[in-house]
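Participant: In order, the protein sequences belong to chains A and B.
Each residue of the first sequence is one higher than the one before, counting from 1 in the numbering used here.
Each residue of the second sequence is one higher than the one before, counting from 1 in the numbering used here.
Possibly wrong hints are sitting among the right ones.
[As the list claims (entries may be wrong)] Quick list of in silico lysine to aspartate or glutamate cross-link-like pairs, EDC-like style, CA-CA up to 20 angstroms:
{"no.": "1", "chain 1": "B", "residue 1": "K378", "chain 2": "A", "residue 2": "D133"}
{"no.": "2", "chain 1": "A", "residue 1": "K182", "chain 2": "B", "residue 2": "D444"}
{"no.": "3", "chain 1": "A", "residue 1": "K182", "chain 2": "B", "residue 2": "E452"}
These are calculated hints, taken from the structure and not from any lab test.
These numbers come from a predicted model, not from an experiment.
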Amino acid sequence: MDLGLMPVLASGGDIITEGFASWAAWIILFAPLLVAFLVACVPAIRKNVNLAAGLAIASVALGLVLTLFVYFFPTLGHHNQIYELIVPWVSVDGSVAIAFGTRMDALSITMTLVVTGVGLAIFVYALGYMKGDPSMGRFFGKFALFVFSMLGIVVSPNFFQTFIFWELVGASSYLLIGYYWKKDSAGQAAKKAFMTNRVGDFGFLMGILMIWAAVGALTNDTISQGVTSLMAAHSAFDFRVIEQAIGEVHFTGLFEGGVAAAAIAAALVFCGAMGKSAQFPLHVWLPDAMEGPTPVSALMHAATMVAAGIYMVIRCNFLFYGAEWAPTLICWIGGITAFIAASMAITQNDIKKVLAYSTLSQLGYMTMALGAGAYTGAMFHLTTHAFFKALLFLCAGSVIHGCHHEQDMTKMGGLRAKMPSTYKTWIIGTIALTALAPIAGWWSKDEILGATLDTHQVWGSGFLLFIGIVVAAMTAFYMWRATYMTFAGSYRGDHPAHESPKVMTIPLWVLAIFSIFIGFLGIPEITAFGVKDANFMEWWLHHRHKGAAATMHNWLAVGATVIAWIGMLVARAIYRESEGKDPLPEKLGRIWTTWNRLYYIDDLYLWLVQVVQQGIARTAWFFERWILIQGVINNASQSVRVAGDRVRRVQTGRLGSYVTSFLLGAAVIGLLVLLQVGMSHAAGGK
Amino acid sequence: MNPLLLVMLVPAAATLALFFIDADAKRAIRSVATVATGLVLVIAIFMFIGFDSADATWTANADGDSAHDYKYGFETEWVPQMGLNFRLGVDGMGLAMVLLTALIIFAGVMVSYNIEKRVKEYYILLLALVTGVFGVFVSLDLFFYYFFYELAVIPMFLLIGVWGSTTKTVDQNYATMKLVLLLTAGAVMALVGLISIWSEVGSFNMVLIEQHEFSKSFQMTWFPVIFLGFAALVPMWPLHSWSPAGHASAPAAVSMLHAGVLMKLGAFGILRVACSYFPQAAAEYLPYLVVLCCMNIVYGGLVAISQRDMKLIIGYSSSSHMGYVLLGIGSMTLIGMEGAVFLMFAHGIMTALTFALIGWFYDQTHTRMLDDLGGMMKVMPFAGTLFIIASMASAGLPGFANFASELMVIIGAWESNLWLLIPAILAIWGLVITGVYLLRAVKDAWFGELPERWKDLRDQRTFAERFPYVMLTGVLLLFGFWPQPMITMVEQGVKPLVTRIDEGREQNKKAVQIDVPSKDAPANDAPAQGEER
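Next comes chain B alone, as it looks inside the complex (with noise of 0.2 angstroms):
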């Protein structure tokens, strides 16, 4: 059976089977979440193994550099009249993502044994919401695109509105009607511009679509609406104060999917959608999404700074690192942007470990400010080492994956050569302003003296209490010393986005030298194209 088809199988049939299990099956209940996602791990590695040798089902640009090939192909009928397949295939950006989705979900329903609370439907949600993630980044349908984008949302603003919590620093109905409102209003923008795509195709396949040739004024009227769509969910700036108050409400397998994957979804829309099919709008408009992600990189690290609150921190250093990503892709370099779906890998896995951890002494503690724990080392030192292994990834610390990519996309920005280097120069100096917030948070949380009411938080013991985290953590040191088999992957779905890029401004100049005096015949063409269809 086809690897794909399984990967979107096995969790919603396991959402299925979880309808017919008595409610206080709670055993019975996780038993299945965790088969289910841990059989969609397996087969995400294996297809991840043998990604290199497996065969091409489709290429898009079927010439030279730009031939872009997907894989592990699978394809039926869903409406006919409409033109309507179910087609599923991925490119190693997808496939990287898909990786991620199923070993984050995997230590998210594991690190989920402790709710208590309706685990029924807790589960049956988790695994919802995973499938539509699942579905976004194997679809090469665009209906199916869209539909598994929104399926990716809902679920989200039950399990926060019904299993989140409410602190000193964030209301949780606050918290989750912004969150949802701020998506759906993404998902929307993004879907007039999917529309736009289709009535001007005529065809909902990806891989034609992809080939399809759109007229330079089309570009540059699309691609800012889909490109701000899908940067709502990124989260660029200013779009981005949903995300940590959704992180801050949210209960810990939710952040960790939250952060880890689902703002991943909106860089994957950038690149599958907004950069592949628009590249000479890209081409135009990427350099000022370098400016824009300065602002997330830097701002959004000064304003983790002054938090005390550890989700927050987390959430505005998620929102910062999701700059270095945007930094990635505006750079327009291969190794710029091959850093960058590298690094929406690495930091997923990393900033789901730490929001895993968070949990873990929340749900005992039931603060998270920084003022009122510490010398928490002494009671955990299990979570207390793992958290200060997650804080140096993510300050950038060679030997974790996120070294290895974010260095890449510094790379790429110094190469781009971009506003005289000064975004690269910020984003180096943006290593430094990590630094400050998590060693403060390392130093205020787990250091110094245990305050008497700590002295009975218990750390992870068993086996099944521990795997979880050491798994993500082993996930960032394998890919951290050995990062070469997920470059070789990534750059088999960038480079031909890469490549087209480059043409479209090679193609751009072309138009500014040949073209002044005509410069209102791409306009025209694109109404006459849609008036003959």
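Isolated chain A, as found in the complex (with noise of 0.2 angstroms):
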């Protein structure tokens, strides 16, 4: 019995295009992004503060309350419905080139309540976070359009949406990066994180643009009526088109090249998701992305962003299964991405930045799922991992603003006494994320690292499943570490630390009972405890595949438990009475530096542009200046003027010289006519 290995299905089930249900996803859709117009260009909303952020927590919440009463509730006792509306966007020659619209099935459902859910929680935090900033209103109206973007890719039906709100969060991220746009270090952030993006796009799209002209190219000859039909409707770009295409003539009738094409088109496909979701080697834009507000940060990186590129897979995982080597590579970039994740959050001090590279980390984790084809794993885990990891992005902004803007955990401790919901909150998170208890992260880590010992199409997946435990326990070392220089031993700051207000603790309780509660969900087949059918996840995926469960390999969930203990009680051991002092540098030398300096793969970037694309720039440059417009254009001009002094040299003056070469003349026009009368004669004669 294959784990997950059964794609999650994009379509089949019965199709809602009438009624509230199959628009009402619009209103969840363009209520932020009427929001973040209203910001924009109102100026008095603009400047009322309370009234923008009112508005832009009320179009969140109205997105949740829309999700969970039209689509969640009544579709929880037939669960195989979608709602969809599509309208023709681009139409070229009569037929539909481009479509907009929205679809939701269980999986935009799922993914939709996790955006608004945890969204909301972040939304009414920044009203505390953010108090006093005088430009809040801006920063709401940029936060809404943030929100609009991720709901586009979220509900988008097609490839082509799903680019066109991949850019947007690009764009919107770019502007809540930079929102600090004062300070230098944000301007950069922000450029790097939207050009990093950019260069995941372009393989993205030369994917897309493969894909559909595979699928375009199609006719009747070779697939059905019932696809055809759709994709005169809906274009050659919507994912239930190109999955029913896959489904009736497989990669070999769908592209030329056969699988080895299917497996280059879903490589270029991942890129995308290697942009967005940050995985290596284009994961460099996401620690500096913390340059943001903290909520921006919980945001992008917890329920967002980079959950984007997560989900694409899984939306579009047809593509993926069973497409030769492609499983492989994005396994291994998985495996890859949690491991250096994980080591380069060990050597962190700043708190923020180390939440990025767990970040990092759980997303490698995510992505070895989808190469695993464990898409409802992969899943499950985004889930839980929204809201533990929104939670403790939340934990770190409250002990930053406590400790007034102070991001350095050496300079922190104590704050346990001091920041106790905060605290008790952290803790519940940190638990959620390390796997010490079956909370939450424990789940959905157990249910990936099983999808890994159970998987066939990967390449070596014993040793990927190797490098998963030993993150686990790397996990659990530096999530400790952070938590004992945070809240052991004493207070090392200059201002006195306080806790947050109730707008920002309220928040952090209720993402922390959530984080208790969610892994429930997903609970897999026990046969220790007889526990079965009671995976909720995946009875909500895969209906269509009941049968295929989850099971928990027993010794792997109690092994991975211990091993995150273990891990946890080093770290204590180190850091409990450490009193800030990290002796991890000294003890590991030089492995240590290279995980501080990122493994130099920062530095190698920076190279690459500064250098290499510069020198390409330089060089274009100097062609155009030198050689074009000196060496081809100027010296032509400049030709040109000679020519016209000598020219000028014959206009003399003198009378005699004009004589001469008139006669001169004269004697040549004379010479040309009677050769021409002479061989027209000639001619004539014949």
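With the hints in hand, could you dock these two chains into one complex?
Facilitator: Set out below in structure tokens:
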């Protein structure tokens, strides 16, 4: 029995295109955009901070409520329903070239709940965190724009729309990361995030076009009427069209190059996910993105932007399943990211940076699951991670807020007593992340490790499983290291620390409660206790393949937990009474330096940009300046001038020379005329 | 009254009227120019709205898919002895350009309010220039087509020469001379081609010419000549160097017209004359154009990366973006060509917006070098926000017309399958390059610390100051969110063209298959026709 190898289907089931439920998703999608627009264009709203924030919060809350009551609860009874409303966006020559719309199926409903649910908590929290910022109205406008962009990816029914919102997420993240635009580092980080994503999108767009061209070339001769009529209505970018086409003709019938071409297409599409979900080697933007305000970090690095890549791959999993080497590539990239990010996290002293690298590492886990074909597992981990990582970021924000914008953990300590609510919720989040006890991350991480053990489509999966377990230990180590440095011992800061206001701690508790219970949505089959059919997540997303259930590998679950505890205990031994001093740099020596310098990857990229790219650009400019302009154009005009000078000398003003040249000219013309006459005579004579 | 005639007459009449206004009555001069261009804009918008339901005045190739309607036609005799008629008419492609010109000149007139030097002459030349531009887009008579084409170039010379500026990077006189010489050289080349067309067909009527079946050898000879003549204006690599230098020394409104409209005259000529009259030659030559336009896209972008003068950055970026237009044309697919025309529109608006904004702060700072600027967001939040918007639009952000059109071009290039998809891939990579130089410009000029000496810079405050910028941004957003009306209109003009090129390609294939032995046959009939007349 394969674990999670059944694709999470984007299609199938009953399709509802009428009634309120078909277009309610449009309200969910466009409400935040409307708020962003109002904030941008109406100064009265922008300047009234509470109104702007209130509108932004209301728009997200509306999305959450609508998703719950229009989609989630009604669908629980008959969960294979799909609600869609798709209209042509660009038609060329009478047929739909690009369509736009919303499609709500189990997957997108889940993701919408995560985005709006976690988003709402973060929005409310931001109300407290950003208090006193003069341009808070602008902040909430951009925040709303960001949520709009993300929701667009979630509800997107086709690749092109996904790409549209993909770019919009990139741009709105640019605005949010660069929010403190007076700081040079913020401007740099924003630019870096945008450009790194652009590089990923380069591959993504090629992949999309490759698939689009292949699907669009299919005709009634090769595929059924159903698919072609669906294509006529929704364009060849549509996920359902592509999935059904692949279902009918397989990769071999779709691409000229067969499965090999399919693997290339899948890898190119995955490039997009590498950018957004910050996978090695495009992971460099994410830690820098911590330059934005903390609520932004929480939103981008928990529930939204970085989740977009994972979500997109789950959405079009049919491209990856069985695409030769593509799953292996994905799985390895996930494993590498998980490991290098965890090792980088160990060396960080900035509390937000620790969480940033931890996010990278967890995204690596999710990507591993994608490669192993455990799409449900990836989605499950995405969901749980969204809650506990948002919680941790917000706790970090609360700590930073309480310590007067101090982010360095060596200057914290002893906050356990000073910030009790923050401390308690942080501990819950850390346990959820490090999988010490069966809440949240314990279940989802276990499912991913199990999937890596079970998979058959990945070369070297055994090694990746080993990496996964090592990373579990490292995760526990760096998280508890951060915990002890921040909350244990005595306070080392200059300004007195204080607990954050209620508007910030209440969202913390809400997220903490979710972090405890969200894991129970995915209880696998545990033979030892006779647990069966308790896996809501799997049932919900896999509704058509209810038979295939995730099974817990008992020894793996126990082993991973023990290892996590070991990691935690080691951290406790080193940092509990270290008072902010870190003995690791001396003990690990060069390894620590390598980790702290991020494996020199950022340095390499800096060199590539500053030396290679600038070098090429300068060469082009040199060519333009000296060869094209100076060499060709200016010389050409110069030669015209010189020629003019020469000709001018003929105009001497002396009668004699004029007469001479006149006679010479007349003679030449006369000769030519004679020649012409003679030749025409000769021709006529024939 | 015929709307196209009005579009021509209103700016022409305003030009004349300005002669009789006292040079010191600056307010009156500005008002006349504003009202005239505003009126033209209103007419253009009404034509745009009513275009679908308007009746065709003339139809070229009245059969099937290649039937090409010209609407809002107007005709009157000019010099009957020569068969010269003053004939106006537009298809969807032409009307898109008319709308673009109307939008830009209206915005250009409004952003030129702060010009104080020789106001009267400035507006006279600006209006004369735009009359010429409108003339090119709406003329259906070869003589007037060329006449207006030249009319658009000459005022440019004076506008840059008198109201322009010399900076560290570009000398004004040099730039002016280069611009005019290269444009005139291109125009003369095109003229030679146009004369050859006239002598072949024996008529100036462009509807008749379009129906004329030119022999393959005639097409193969004259396509390159006409094409290169227009391509200098696009500007196609390697004929582009007049353009960034011209921008750099031109005043804001002239840069707007120059990048927004003048460059489009070249691409429009390529479509209207070269491709439309010589479809068989187009099918043969355009694949090579695709190679050159990759140079535009990548090389233009790379040169833009190494610039520090804002206007040079945008100038080279324009050359890079026009590469996408050429790529769309070269793809010879319906979606690609529609994207190309749509991009001409979108790029015109976007680049006009950018140049207007650069002009706004240059008037105060007298420097455009990125190293001298910084942190201007603090004193100019309005201008800064719009500059970021324009840069994002230029970098192909969804929600703006540029995204929709550029993606259509890329899709078309992908569909055309030319040169192993390498041009399409380079075009996608071009999006990354665009991001590099634009984000750098945004960061260096608007973000960071504000130097002390720029503390007193002024933002746009009044309604009249803000209106042109808001209008251009609004248009970008409107067609970004809802591109279909523009695409439908453009399709009306482009579809017959693509159909004809497809037919031309089929003919070429047949000629190769059947006529291999009698290779010389088509070569003989061109001179034969010439002798008959």
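Participant: Next step is simple, just say for each hint if it's right about the structure.
Facilitator: Checked hints:
| no. | hint | result |
| --- | --- | --- |
| 1 | B:K378 to A:D133 | holds, 15 angstroms |
| 2 | A:K182 to B:D444 | holds, 11 angstroms |
| 3 | A:K182 to B:E452 | holds, 14 angstroms |
The structure is consistent with each of the numbered hints, conforming to all of them.
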